[in-house]
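J.: Order-wise, the sequence lines are chains A and S. The first sequence runs 1 to 366 under my numbering. The second sequence runs 1 to 557 under my numbering.
Treat the hints with care, since some could be wrong.
What the hints assert, rightly or not - Per the computed footprint, the stretches of chain A lying under chain S, defined by three or more beta-carbons under 8 angstroms from a beta-carbon of chain S, are: (1) 132-146; (2) 224-232; (3) 252-263; (4) 331-343.
These are computed hints drawn from the structure, not numbers from a lab. Small disclaimer: the values here were computed from a predicted structure and weren't measured. Backbone N, C-alpha and C fix where the C-beta goes; we use that ideal spot for every residue, glycine too.
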Amino acid sequence: MSTTKKIAGAALVAALGVGTLSACGGGDAKDKPAGASDAPKSKTITLVSHDSFNVTDTVLKEFEQQSGYTVKVLKSGDAGAALNQEILTKGSPRGDVFFGVDNTLLSRALDNGIFTPYQAKGLDQVKPEFVLDQQHRVTPVDSGDICVNYDKAYFADKKIAPPQTLDDLTKPEYKNLLVTENAATSSPGLGFLLASVGKYGEDGWKDYWSKLKANGVEVVDGWEQAYNERFSGSAGGKKAKGDRPLVVSYASSPPVEVLYGEPQPAEAPTGVATGTCFRQVEFAGLLKGAKNEEGGKALIDFLVGKKFQEDMPLQMFVNPVIKDAKLPEVFTKHGVVVEKPETVAPDAIAKNRDQWVKAWSSLVVK
Amino acid sequence: MRDASPKAGGRATAVRFALMAVPLAFFGLFFAYPVAAIVGRGLKTDEGWQFGRIGEVLARPDIAGVLWFTTWQAFASTVLTLLVALPGAYVFARLEFPGKQLLRALVTVPFVLPTVVVGSAFLALVGRGGLLDELWGVRLDTTVWAILLAHVFFNYAVVVRTVGGLWAQLDPRQEEAARVLGAGRFAAWRRVTLPALGPAVAAASLMVFLFTFTSFGVVQILGGPSYSTLEVEVYRQTAQLLDLPTAAVLTMVQFAAVGLILAVHARTVRRREGALRLVDPAQTAHRPRGRSQRILLGGVLLSVALLIVAPLAVLVERSFDAPGGYGLGFYRALQDAGAGGGTFLVPPLEAIWNSLQYALAATAIALFVGGLAAAALTRRGGSFVRGFDALLMLPLGVSAVTVGFGFLITLDEPPLDLRTSWILVPLAQALVGVPFVVRTMLPVLRAVDGRLREAAAVLGASPLRAWREVDLPLVRRALLIAAGFAFAVSLGEFGATVFIARPDHPTLPVAVARLLGRAGEMNYGQAMALSTILMLVCAVSLLLLERLRPATTSGEF
């Protein structure tokens, strides 16, 4: 960028920004001016994440008080979009730490080299099956299962047992009952496709989807439509008169239905088909070119610390990855433990993802 | 600028360039440069430009399918919108009926509502279990009709305002004269009114075509995975697949198409500014006379009720349908961050305050930039100036994700490292607001009689004083209307905001989207309640505009 352009730009921003906009500036008083962040002891840590990131205010405040850092959070779209923005800005990142790359996208992140290796303090507490990168470029933070949910009332009314496995879904008694998401645009949609790849292998999954299609599976674009509009078991779907009693969602969706019920129901209105699950693991990493590396490391330590791990379930509806984290009661009471989720190796996903999604699209959508 | 002396001519040019400097810098820096950078990233490798990729991408059958669908649905939507909205334009222009102002504000609400909200409301009308399903068993949510009808819903106001605005000011005596001279009713309308309206109808059609050609949210929500427009495909290729070469080619194709539409539009607008005998709209409107006018009025009101009021009403109904009976339960829940277990960094109600602040800032920027641009364009110049006019409309035709991702790779050095700054939100919103400001102000500014300024100058007023005493009073109302439109549009802007909104300062549409992204009744209900509030804020600002509607403009919106 040329100097003239910079000056012109700065003058323009000043002209446009100063004065009229002072009202908006109140909340940003704690931000440092751009130059100050290059100082050796920066006090601000910037965390870049996706839209679903959340943390209880007091938990974050406690970290800030103990460490002396201020945490600024940037959210930039859904998980895929957020990661892609980090790849685009490689070398000149907007923040210090990125949280929210999952095992379906992990290879894209690692191949593009956006992270600096860092072994978190407390990594020994993390269950070893989640540590997928031995160079510690990324640190596992949470896990969750993408599973078919069912509407309990529907199956009770019809006196049919709800499906439990992927095979069940192709049976005639479940014809025209399932709604899923577009694997090309939605992360649960992709997860469900990967569950079938995990179960039937790279050669068998297409046959399975042909059967699902013959059995009347419906595909919508996003989770919101599938769950809030089409699924008959969710609060939103009940109002929208959803017509599908089976939906691809998360293992944590039933506890969430309880939590946000008003009044809270004694039992979750929905259940989980535990033989249909794909396990998703989310990671955080220190961004290459971070302005505040020390602070970023402290933040990663915090993310795998007990305090944050125990706060996560009710904030992001995911499971902790450390051994001794306690789950909240609503999870233990209304959630399920998925014993044998399907998994696919990150390398295989990286190599074949686009090709699978394309094949899936032409098979199921078109 | 009738003064022919070279010195004055030179000064006029200097003034014009001075006025255009800020808008040019604004668009160069916050639009052209980021978009060019992201397109360049897709088409340039270490071995130089890869223009061969353009042919490769366009030859792909799936891309050809997207191009074909984008074009034909835009055509179909435009024709359908005209069919439904032209009678509406007549009724709003020529007939007096109770509640007219309120209704005119109401039909404009969809235009400024974010599509996340509208998609959900529209499904409640044409989807399964929706109103049409219950009445006649008609379901449209899996067909292309849902997309077409939603486009009518969104663009109804464009036709009513553009065409109706002019229709109200056409002197009805001309048509009457034709009839006295022996022409039949239809022949008189066809020979007299239609030619006068023609350019306005063409301009409105082109705007509707532009908006539907670049349709994003509607197609994504109602079209499902089987329908995709260029804009949706650009989003998928950029944000989801990071296939920048394909995205770059598609962006360029859309850019070319939009440029063409705008060029044709600019021509029709110029023709429309030709001499027409215009009168005060208050003189042309009258109470419905005779059976046919009453039937027409009834038909228009029915179509407005079904197509526009019904989806909005469903939204409102759901926001009150709280557990344990109708009430304000969801609205009360908006006030505290800890609603039902504590999941929001800020209470959703705070999003309203954020939205208002951002929208005010965006309005200020849009007025400043757009006002200067309009002032520069008033001074008639060559084709360069006219080209600039069309240029200002281009942001309406470029995907928000292209601009947003372009920001990321260009605004990354001090003093322009704005990527994490809150000001990026109003800047991005202003990009969409400026075209509205220019289009509203320009006709009024051009209508100011230059002789008034000259008279002021002769009487010894300085140019600034002449502007203050002559131009300002005449354009004040247009300025307010432009401000209102820019405000409402920024309030509803979602595409760019979702990428850059700071999570501790979410805007209303972003907060709605976040609530819809979670399971549970309280979240869903709060999303509906927030949407209703957003709708109300938009409707109130539009209603205020109705009161300010100047008597003599034929601005477009």
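J.: Does each hint hold? Answer for all of them.
T.: So, going through the hints one by one against the coordinates:
1. 132-146: violated (count 0)
2. 224-232: Contact hint for the stretch 224-232 of chain A vs chain S: holds, 5 residues under 8 angstroms.
3. 252-263: Holds: 8 residues of the stretch 252-263 of chain A have a Cβ under 8 angstroms from chain S.
4. 331-343: The restraint on the stretch 331-343 of chain A is violated, since only 0 of its residues have a Cβ under 8 angstroms from chain S and three are required.
The structure shown violates the earlier hints numbered 1, 4.
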